[in-house]
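Visitor: In the order they appear, the protein sequences are chains A and B.
The first sequence begins at 0 in numbering that gives the first Met the number 0 and counts up by one.
The second sequence begins at 0 in numbering that gives the first Met the number 0 and counts up by one.
Calculated directly from the structure, the hints in this document are not laboratory data.
One thing to keep in mind: the hints can contain errors.
Here are the computed lysine-lysine pairs in the DSSO-like style, where the Cα-Cα straight-line distance is at most 30 Å [claimed, not checked]:
1. A:Lys-15 <-> A:Lys-494
2. B:Lys-2 <-> A:Lys-487
3. A:Lys-384 <-> A:Lys-487
4. B:Lys-2 <-> A:Lys-462
5. B:Lys-5 <-> A:Lys-103
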Amino acid sequence: MKLLSLGKDAFQYAEKGFNGVFSSALNPLHYLGALTIFFFWVVLVSGIYVFIFFETSIFGAYDSVEYITHEQWYIAGVMRSLHRYASDGAVITLVIHLAGEFFKGRFSGVRWYSWLSGILLIWFVFPLGITGYWLVWDQLAQYVAVASSELMDWLPIFIEPMVRNFISEESISDRFFTLMAFIHVLGLPIFLIFGIWFHVLRISRPIVNPPRGLAIGTMAMLLILSFVKPAVSQGRTDLSAVTGEVGLDWFYLFVYPLIGDWSMGSVWSLLLVPTVFFCLLPFIWPVKKPSAAVISLDNCNGCTRCFDDCPYAAVVMQPRTDGQKYKEEAIVDPTLCTGCGICVGACPTSTPYRQRTELIPGIDLPDLPLRKVREDLLNATAPLKGSDRVVVFGCEHGPDLNRLKSEGVGVIKLPCISMLPPSFIDYIISRHHAEGVFLTGCSEESCFHRFGVTWMDQRLAGKRDPYLRKRVPVERIEKSWGEKTPNKELDKAIKDFRQRLQSMEPIKTGLRTTLSSVGEE
Amino acid sequence: MIKVFKLTGQLGLYGLFALVLGYFSTEPVYVHTTPDQAVIRLTFNHVGNLKEKCRRFTAEEIANTPPNMRQAMDCPRERLPVYLEMLLDGKQVYNKSIKPSGLSGDGEAVVNEKFIVSAGRHHLSVRMRDSHREQGFDYEKSEWMDIKSRQNMVISFIREKHSFVFK
């Protein structure tokens, strides 16, 4: 737990630092999965071009790669380098992506599926890279072929040891080499594409492409590197001799030096034990699963906003079943729902103004009904004093809120900031419950519930339903995104906000609501 | 000013990423074998003799067998394990009894071992037993070998010639 917390802190500080350099919208740490896929596309396109000139036979492979590298260096050679460096880049982004998701705890609960499929994807990525080195059929390829075969021979799969294919020039089989080419060029890439599809299948709006600016910057970096240090072969194979010094690609072949020094059982254990552990992690990790959101059909008009906003595709629409005039109704898949409440914030019936009937929105959280949120709000604001009263809304993954409570500041914690319907902000200000509303939460582009901060920003800006009403003075709303915002910065932001509120004209409209007036006393 | 700082920072981070990619894609160089080393690979498949000889079923056994399954001879498929030794400069570096492969133990015994040795002149002996004999060997070969730097020397067994090959 401690390690997880330290890792999370380190990751978030790095994100904050990168935000300063790239801006949040182009921060590579927010697009690690998308960058990995982007690298894969570069690998695919460059690989297809290189394959045109590649000879898939053991006797012609080396010479064809030499032609690619030296004769047609200006296109095929660059493509070869791009192929290598994009493959290596994918390993870096993949590992950081994995570490980030791990430290942020995004592996348990409903996220088990993406986590597990991601771990299994690694077992396609590495063989894909390793078989690629095999095909060059240079000294490194010889080393990789022999060491890989020795590793595979430890498994009780083959009766005939695989390594015998590489012990002498006579033993080498062109057919075996062609098989490796087939696995690298067609077999593994197809599995990988399907694997990526499976990986993002259970999340809505998966981000599979990095923003254009980041993609251009990354591509330019790869191109410059390809010209500065082109990928070259390491001398023709000689099976009568064992390989001496080889320039290893440590991103893919970091385990290989152990093949000579450790027992094969230990090497396999090093590979399999962490894999099994990480595969089982979502199921052995203690997780408190909140109750899934529930639909109140009497209040659901089938507007699809909850369906549109759910980050986990847990809400689906189906034809109306209760005979009401609306075309569709929402239903919740409890196995996918994380109880983030984003759907509640999206529902047009989530309005705190309802007094004559009980506040039950079309979709609600059993663990924190919207009625309770209004009750908490009224309780938190009732004792506030002064002409600069502020209600701070935050999420479970944002800064510590209790610390902020004071005579003029009330706090409300939600599972995700996007659970807050904009009408609540209108309600607070127009009904004089406070002079200002302060919103905090996760980092932009790195929200724990994926789109919480984005949806809230868009709702406030009038770009996403439900909009914040135009009558709400936006100067009375302040935001501070970033769960690792230092206390001092947050305190100063709230203090400055309150000072600004003092200098504003008093709000004229509305009557203050009390618990008794909404029947909650 | 902030824009210049951001641009410099971005260039620096892209550059760092490229540096890491460029360096670790080939460096540091890994020394798989040093020039004073060589490898001897002992690798071949060999079928041991049958564990039991064929025998004629007794009349009683035949009578107890269903008529459609009756046959005169009983020939068990199981093979003997192959015992193999290797000596380098008179010192035993390998000895193992290798079981036949297959669920019924009727397949080939698979030998596949790697020895890292120093390059230079060595006396090499390999001997194998695949029969019922308790002592001695059915096949044996000894030879002085000049093993070159980083040579990949293969010791195999040619079944047709009943002989080891050092190559």
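Visitor: A separate judgement is required for each hint: does it hold in the structure or not?
Guide: Outcome of the hint check:
| no. | hint | result |
| --- | --- | --- |
| 1 | A:Lys-15 <-> A:Lys-494 | holds, 22 Å |
| 2 | B:Lys-2 <-> A:Lys-487 | holds, 26 Å |
| 3 | A:Lys-384 <-> A:Lys-487 | holds, 23 Å |
| 4 | B:Lys-2 <-> A:Lys-462 | holds, 28 Å |
| 5 | B:Lys-5 <-> A:Lys-103 | holds, 27 Å |
In terms of the numbered hints stated before, the structure departs from none.
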